[in-house]
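*Asks:* Listed below are the residues making up each chain.
Protein chains: 2
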Amino acid sequence: MVRQVRAVRTRRIILEAAGAVFDEFGYESATIAEILARAGVTKGALYFHFGSKEELARGVLSEALTVEGVLPQPLRLQEWVDVGLVLAYRVPREPLLSASIRLSADRRARELFGTSWPGWIDFVAGQLAGARDGGELLPCVDPQITATLFVSAWTGVEIVSSGLGEGGVLERRVAMLYEAFLPGIAVPGVLRQLDTAPDRGARVWRAHCEQQSEEGSGAVPVAFYRV
Amino acid sequence: MVRQVRAVRTRRIILEAAGAVFDEFGYESATIAEILARAGVTKGALYFHFGSKEELARGVLSEALTVEGVLPQPLRLQEWVDVGLVLAYRVPREPLLSASIRLSADRRARELFGTSWPGWIDFVAGQLAGARDGGELLPCVDPQITATLFVSAWTGVEIVSSGLGEGGVLERRVAMLYEAFLPGIAVPGVLRQLDTAPDRGARVWRAHCEQQSEEGSGAVPVAFYRV
Chain A
22 MVRQVRAVRT RRIILEAAGA VFDEFGYESA TIAEILARAG VTKGALYFHF GSKEELARGV
82 LSEALTVEGV LPQPLRLQEW VDVGLVLAYR VPREPLLSAS IRLSADRRAR ELFGTSWPGW
142 IDFVAGQLAG ARDGGELLPC VDPQITATLF VSAWTGVEIV SSGLGEGGVL ERRVAMLYEA
202 FLPGIAVPGV LRQLDTAPDR GARVWRAHCE QQSEEGSGAV PVAFYRV
Chain B
22 MVRQVRAVRT RRIILEAAGA VFDEFGYESA TIAEILARAG VTKGALYFHF GSKEELARGV
82 LSEALTVEGV LPQPLRLQEW VDVGLVLAYR VPREPLLSAS IRLSADRRAR ELFGTSWPGW
142 IDFVAGQLAG ARDGGELLPC VDPQITATLF VSAWTGVEIV SSGLGEGGVL ERRVAMLYEA
202 FLPGIAVPGV LRQLDTAPDR GARVWRAHCE QQSEEGSGAV PVAFYRV
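Chains as they are written, first to last, in the numbering used here: chain A, 22 to 248; chain B, 22 to 248.
Hints were generated in silico from the structure; no laboratory data involved. For clarity, every value in this text was computed on a predicted model and none was experimentally measured. Hints may contain errors.
Identical copies look the same in the list; a pair holds intra-copy or inter-copy alike.
[Claimed, not checked] Subject to a maximum C-alpha distance of 25 Å in a straight line, what follows is the list of computed SDA-like cross-link-like pairs (lysine to any residue):
1. Lys64 - Ala146
2. Lys64 - Leu96
3. Lys74 - Leu57
4. Lys74 - Glu84
5. Lys64 - Pro219
6. Lys74 - Gly186
7. Lys74 - Leu185
8. Lys74 - Leu86
9. Lys64 - Pro164
10. Lys74 - Glu49
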């Protein structure tokens, strides 16, 4: 059991190092040697978990499909807002998450193992379909189309703000993105109840972390695929 | 004079080849040898125009700041819509344009010579400021903020749709992006007059091409920096 816990931790350390290296050098120029140096693990340990650079990249991409910290809310649209704002808070702080965006935007990398975009689009479309069933959406809204557009726009906001070296603006920009989208999506009565403040992501995430440290890992997050 | 025309044409051929190679391989993995092979020019001709791979990339980026084909309209917001829709029509058809987006999203490349985003954001902010002065914008709109958000979202829509291999959807997606943004930006009387149909870009571009072939190069485009 102790050995298993240690293996999970080692796997995580390797993935985080791989994320940082992919993020910094791009997929093509990233080397296993550099990842080993950052992770501070042996070659044997790395190859026990991941057989190749491709597998490392797949590992990074799969970790990025996370809605950790987002808890169920009375309004489904609030959950949708929370997912985007919690990520906006976490991505600049977690190389594993920003690496996955970089990998998806890297043509060479995505030819090899795809992107996390289809997963995100389906997830957001599911959230919006839930909001529609709850009467929160204007009748004209198509969840799949809006999800595709929003995930694309969110990605562009992240790429451009990190590209312009504007640290710390992502949460503000993503909050504005929601404000641009919401009036065309939400019924007015729901619209005015939504919290889209730029610090919403930080508050939700902190509450989640406090809850976790109090209860062990007792908090039940929003399931990624709620069927 | 003939020699000058030929030099301009050779420069263009080299830039288009470089654009295609950057687009396909990414900046880091692109080689001068591959660009030479595509362009079908001599090494001497290439180095006459561009001293290095960096200079080629800078050349590609500067070509991408184009609003060719967009003509003045009674409503400044229509010009804004036209810029984004004409580009959505042209980018999938012109490797030089899509290469510039790829170069901007490539961390290594943009560390070396920046991106075309600040230029685009300033240009769009200028268009929106013009629209505001003409009474076309809702009073709460900040042209600089909206421009940053829109250029980011446009970029994300291009990156995600080309990343998902969804050829031919860019014009539809960008039209939807305008429809998502416009109700929060335009005064109602202007909103209903705007043409945001997905084929608007193709129509504007074709009219421009016909006009050019009729008149030589007589059409006066929207100036990139209208002071």
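*Asks:* Output the indices of the hints that this structure fails to meet, ascending.
*Replies:* 1, 2, 5, 9
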